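*Asks:* Each chain, letter by letter, is given below.
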Amino acid sequence: MSSAFAIDPVRRPTAPLAPERPAPAADPVAVPRRAIRPRVLGASLIVAGVGCVLATQLVLSIGTADGAFRLQALQDRSVELAREQVVRTEQLQTLAAPQHLAARAAALGMVPQDVPAYLTRSGTVLGAQSVAGVADTASTGDVPDALLSH
Amino acid sequence: MRRTRRAARLRPAIVLLLVVAMTALFLTRLVDVQVVHAGTLRAESKDRRSQQVDVAGTRGDILDASGVKLATTVPRYTVTASPRLAAAGGAVRAAAARIAGALGTKPATVLGELSAHPASDYALVAKSVTLATLTRVKALDIPWLYFQETGKRLYPSGAVAGNLVGFVGADGRPQAGLEYSDQSCLAGTDGVTEYESALDGTAIPGTAVVEKAAKPGGTLRLTIDRDLQWYAQQVLAARAKQTGAKWGSVVVEEVGTGKLLAVADWPTVDPNDVNATAATDTAALGSRAFTAPFEPGSTMKSVTAAALIDAGLATPGTGVVAPYRLITGGANVNDSEYHGDERLTMTGVLVQSSNTGMSLLGSRMADAMRYGYLQRFGFGTQTAVRFGAEASGDLGVDAPHWDPQSRLATMFGQGLTATPVQMASAYATIANGGVKEPVRLVESCTAADGTVTTPAAPAGTRVIGAAAARSTVAMLENVATKGWLAADVRIPGYRVGIKTGTAQESDGNGAYAKGFLVSMAGVAPADHPKYVVYVDLDAPSKMNTSQATAPVFRQVMARVLQQHDVVPSGSKSPDLPTEW
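Protein chains in written order, with the numbering used here: chain D, 674 to 823; chain F, 6 to 585.
Think of the hints as simulated: they come from the structure by calculation, not from any bench.
Careful, some of the hints might be misleading.
[What the hints assert, rightly or not] Cross-link-like lysine to any residue pairs, in silico, SDA-like; alpha carbons within 25 Å at most: (1) F/157 x F/94; (2) F/143 x F/186; (3) F/535 x D/799; (4) F/143 x D/819; (5) F/74 x D/815; (6) F/535 x F/585; (7) F/132 x D/755; (8) F/143 x D/747; (9) F/264 x D/788; (10) F/157 x F/180; (11) F/251 x D/819.
As the structure is a prediction and not an experimental result, all values here were calculated from the model.
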């Protein structure tokens, strides 16, 4: 029972302690003047840096966009050229038809050697020995080709 | 104080509750939309925003033996318009005139297309235009025109091998020849691409999704040599016109491999312009060399002779007395020209092409045995090529129990039918030391992924012995050097063996027609045969003998020997006695 009173039952908020000694007044004159300039310099450097970064970014994005346009133009040209190549290949195949080649050869005066002849290294001729005849353009046009007549 | 405290505690609790409730609501809705109804909603949205486009699988090429394109697909373009948008845009007449100018058609046609169904979103303005035309139309910058790439089947060599390659119809579907029979190799598989589209149908770039990749068709490579095929067609056509023949064929087969280097028909179709032939001569749309059998005539005598030698029943020197007319056991056979009885060896029988002589010699062999030889030589069955509608020929009614006339007639090539390819194959067998190689037209099929498939071909079969084959070739050389066409078939420096044929044709009413079906079969170089050439011309009105075929044979054989660098041996043909 006596222990119940061992604890102080009522604790009133105590009055604050004696006020502390006031902090010494700040001496504005005591702050060195040099600290101001680094702050301005630093800030301006940072701003300039940010500006440079932004400028670089702008230049790069302009360059990329420009490059993208050029790339697109070149890709389009590549597709165009591929198509053109297909068209030219088709024309080439049509002109390479044997009827056309034979007719052109005959028009140039070429005569097909109907009978095979071979020249050996010793100078003898194996097979036919004949004089070339006259080119006959009429003997090349009997196999039709609708593509050539267009 | 208590109430405010409770109220103070209550307000945030209520707010919290509300927040939780709202969150729960959103969450439920989220789950509902994203998980429960996801499928339905996605399907619905697709219908409204995306379009499916079939991407055609390009048809494969047909190449000759060296890779030259005989058939290929080239891009063409289709121009369509939206009449509805055109009308909305105004100035349709002027635009139609400009479009017609770019296309090279009449303004009225274009205007007609645009005004036919004014409310429709689709009108076909031009089908299958070239890139140059497309560029001109695109340059007009008309917003309601749409362009699509399609394919057109092109045959760069025209009618060369047109009888074999076949052709496709206007819709691109194959209708004849190898285009039709080898569809499984050539056809591509269509793919499907889906892309998102705006309300007016314009495709949104970058949204294309390939649902199923289009697979291009495979490449079909043939054994045909395009240049030789052209030459054979050219020479055949020129000679057929010169001699007034109704039709003709040339078959060139490589001995030892069975490869067909050229199968020429005349007249023949140009697959680039099928209508020109379809209108005048439908039989020329296919390949007569494969599909039209006929009674071959005296070229069959070499087969009978080879069989006799192989069976040991005769030799090139066996003698018979050949009359002009032979009447025996119900048969009546005569030679082409009147002559007295001639003492001919079997070689002489071939040189003179005596029907009676051949009948006497052939009668030494039993019918069943001779029938067996004919079958083993490949007559009466389709060749291994199995060309579309290829004919198997006919060995005669009730063969081998022929009636007396047919029994003798089949010895010299009448009373049975064969195709030019079968004849060439028989001569190739004789030239190949008696071994028959399966005839080949298709070399291989290369699929898009690179897999190469070669058609299944059985191994070669021995028909006659090597000695019998050599003896037969020697007899053929004698026909070439001593026969009446010796000057026409001579290729200086080379040893050539030939046999002529002048066959009577059926007139369709049970009798024989007036014109002959003339033919020539030959092998060269006879010392080591490499090539067989078979030529036939039907009823050449201006020259009704096998002399009509002689220059065709000589030119084609000379060309194939030259092309393949076969050096003339310079040795002389054997000299066998023709009389005894």
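*Asks:* For every hint, state whether the structure bears it out.
*Replies:* We went through each hint and held it up to the structure:
1. F/157 x F/94: violated, 33 Å
2. F/143 x F/186: Judged against 25 Å, a Cα distance of about 39 Å means the pair is violated.
3. F/535 x D/799: Judged against 25 Å, a Cα distance of about 18 Å means the pair holds.
4. F/143 x D/819: Violated, at about 28 Å.
5. F/74 x D/815: holds, 21 Å
6. F/535 x F/585: violated, 32 Å
7. F/132 x D/755: Distance of about 22 Å is within 25 Å: holds.
8. F/143 x D/747: Holds, because 19 Å separates the two Cα atoms, which is no more than 25 Å.
9. F/264 x D/788: holds, 23 Å
10. F/157 x F/180: OK: residue 157 of chain F and residue 180 of chain F at ~15 Å, within 25 Å.
11. F/251 x D/819: Status holds; Cα separation ~23 Å.
Consistency note: the structure conflicts with the earlier hints numbered 1, 2, 4, 6.
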